[in-house]
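Asks: Given the coordinates of chain A, assemble chain B onto it according to the supplied hints.
Protein chains in written order, with our numbering: chain A, 7 to 338; chain B, 7 to 338.
Rather than coming from a laboratory, the hints here were simulated on the basis of the structure. Treat the hints with caution; some may be incorrect.
The list treats identical chains as one, so a pair stands whether inside a single copy or across any two.
Calculated pairs, DSBU-like style, for lysine-lysine (alpha carbon to alpha carbon, straight line, at most 35 Å) [said to hold, decoys possible]: (1) Lys119 / Lys148; (2) Lys108 / Lys308; (3) Lys33 / Lys298; (4) Lys225 / Lys90; (5) Lys243 / Lys148; (6) Lys90 / Lys166; (7) Lys33 / Lys219.
Chain by chain, the residues run as shown.
Protein chains: 2
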Amino acid sequence: MNLIKKYYTPSNTPLGEGGGEGGRAKKSVSVLSPATVANVVCGFDILGFALNNPNDEVTISLSDEVGVQIINQDDFDLPTDPEKNVSGAALLAMLEECPDVKGFTLISKKHIKPGSGIGSSAASAAGPVVAANYLLGNRFSKEDLVRFAMFGEKVASGVKHADNIAPAIYGGVTLIRSIFPLDIIAIDAPELYVTVVHPQIEVRTADARKILKQNILLKDAIKQWGNIAGLVAGLIKHDYELIGRSLEDVIIEPVRSILIPGFNEVKSKCKEAGALGGGISGSGPSIFMLSKDEATAKAVEKEMSNIYERIGLDYQTHLTTINQEGVKLVSS
Amino acid sequence: MNLIKKYYTPSNTPLGEGGGEGGRAKKSVSVLSPATVANVVCGFDILGFALNNPNDEVTISLSDEVGVQIINQDDFDLPTDPEKNVSGAALLAMLEECPDVKGFTLISKKHIKPGSGIGSSAASAAGPVVAANYLLGNRFSKEDLVRFAMFGEKVASGVKHADNIAPAIYGGVTLIRSIFPLDIIAIDAPELYVTVVHPQIEVRTADARKILKQNILLKDAIKQWGNIAGLVAGLIKHDYELIGRSLEDVIIEPVRSILIPGFNEVKSKCKEAGALGGGISGSGPSIFMLSKDEATAKAVEKEMSNIYERIGLDYQTHLTTINQEGVKLVSS
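So that you can see chain A by itself, here it is in the shape it has in the complex (with noise of 0.2 Å):
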């Protein structure tokens, strides 16, 4: 369930100075870039969380030639052109403001799927710039990377947004109280366990954004702060029952919903294994709940299951907890 406890992570190491070996350029560096749940029901556009598991696997070394190569070792036959690659926009950016550095050469094999609503090209922009940075001694902060990944969201979505972003990069869960200036804020959670179902259809999410209603009511509004409110003092305070009574949603999730084959059963079902509660993740299809203990979680797992198989839907579930380091070095 957890394959980043394999690995040893040294946190702040800086590599790629003064490591003996005759300079940066033959050196490269591999990391695992976790999938994240962004939105968390009440929190659209500001907070997010990672996830232990799926992760995509991203190696990055430096390069003589000018800009960025990539290697894309996986069949979803992402563009190679790192104008219109998530991960390419997101080193352009970051090359851009390292005038001693000529490239990077970037081989990417991703487990999370595109378009599954649990940060794919989240993953894809924040592995490689973590993995860059490293290589260049930690040179930048981790604010300075968020803003090179961003690059990457906005290939994929058209938008800069950081509610997959900051997690990915910060690990457990984060607010972005401000995208302009940039403010992001870790939010000590307890323990919580995550399990996500991914029926097989495709939403993108710049369609996702389209349906939603750019006017809403005010009172809505003042529901949606109520409950994002208490999300957040819930989480801080580790208290259970206050994060359950606050999942809800009253202004996207109802009209984004719809695109999502049996959301509703999956939702009223899994609250009655015991879920504390969840929604859709990201801009869906996946579909996310959060629990207080695993046998709980692994209750949630065979409900999804169970709707899909009659459904007659392809899935696939991950039964996870929160990362709390987020991208993590795995070799260099």
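Replies: Only chain B this time, still in chain A's reference frame:
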């Protein structure tokens, strides 16, 4: 500055039962009912806190007459018909759940000016029900008392809202995640100094509600819920900088502040003087500012005075701290 600290307040002392003074009918209870700041910039309708100053004085005794008898000992000329009186309506709601009690006599001496925006009606509603509950042996929970007091708020503004009543009864900073069903969450805040200026113009709560737009932009709502999430996180984490950054309101303040002469100048000058931030208290016209220390709060008070002296508008200021206990017993 802090009138309340003169009095010893036994917490959770059941009164009116076993007091050995020959039955409840002869007893009376006096309380101080505090001013409160609701909305708190980005927490419209869901957040509020209690002040240590000013307070209303309320005395309640059991009566052999059916219903509520109101004696006003101040110059505000408030109605004495209990159904039209904020305190009366709250006490009548309580009486409905007390088949063993005939009625109450209420003596009210208000110091919080009606229409000032610092919870005058909430103080009128909260004080009497807390005092009456003491008389009846604390048979009701705080949540029950909020429920009764909201009937008073309905008389005042036509709407049952709890963002002044909850802090008046619970003390401290309170989040009202939901009104139906009632869900009140205590937010543990760091030490904060509060400076309030009340420019002596009338803004009726009902009018201040009427000018609000019923539809708002989703993008503004997202900013607002980012800020309320940041404010709650900042309060619980005792992060003054984050509290300051989060005190931003893009929805209500731009509309309501036009009713308050000098608002923009007060805000900018007070922040220059070191205030963390602030804005309209309740529906105005009072303006509150939060500061980290007393010296700053005094400098803020000076700025406020200078501005209204220059404008030539009568005003009153209060420099106080957050009242952690809510309505307080002063004698019985």
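Asks: Which hints, by number, does the structure contradict?
Replies: 2, 3 and 7
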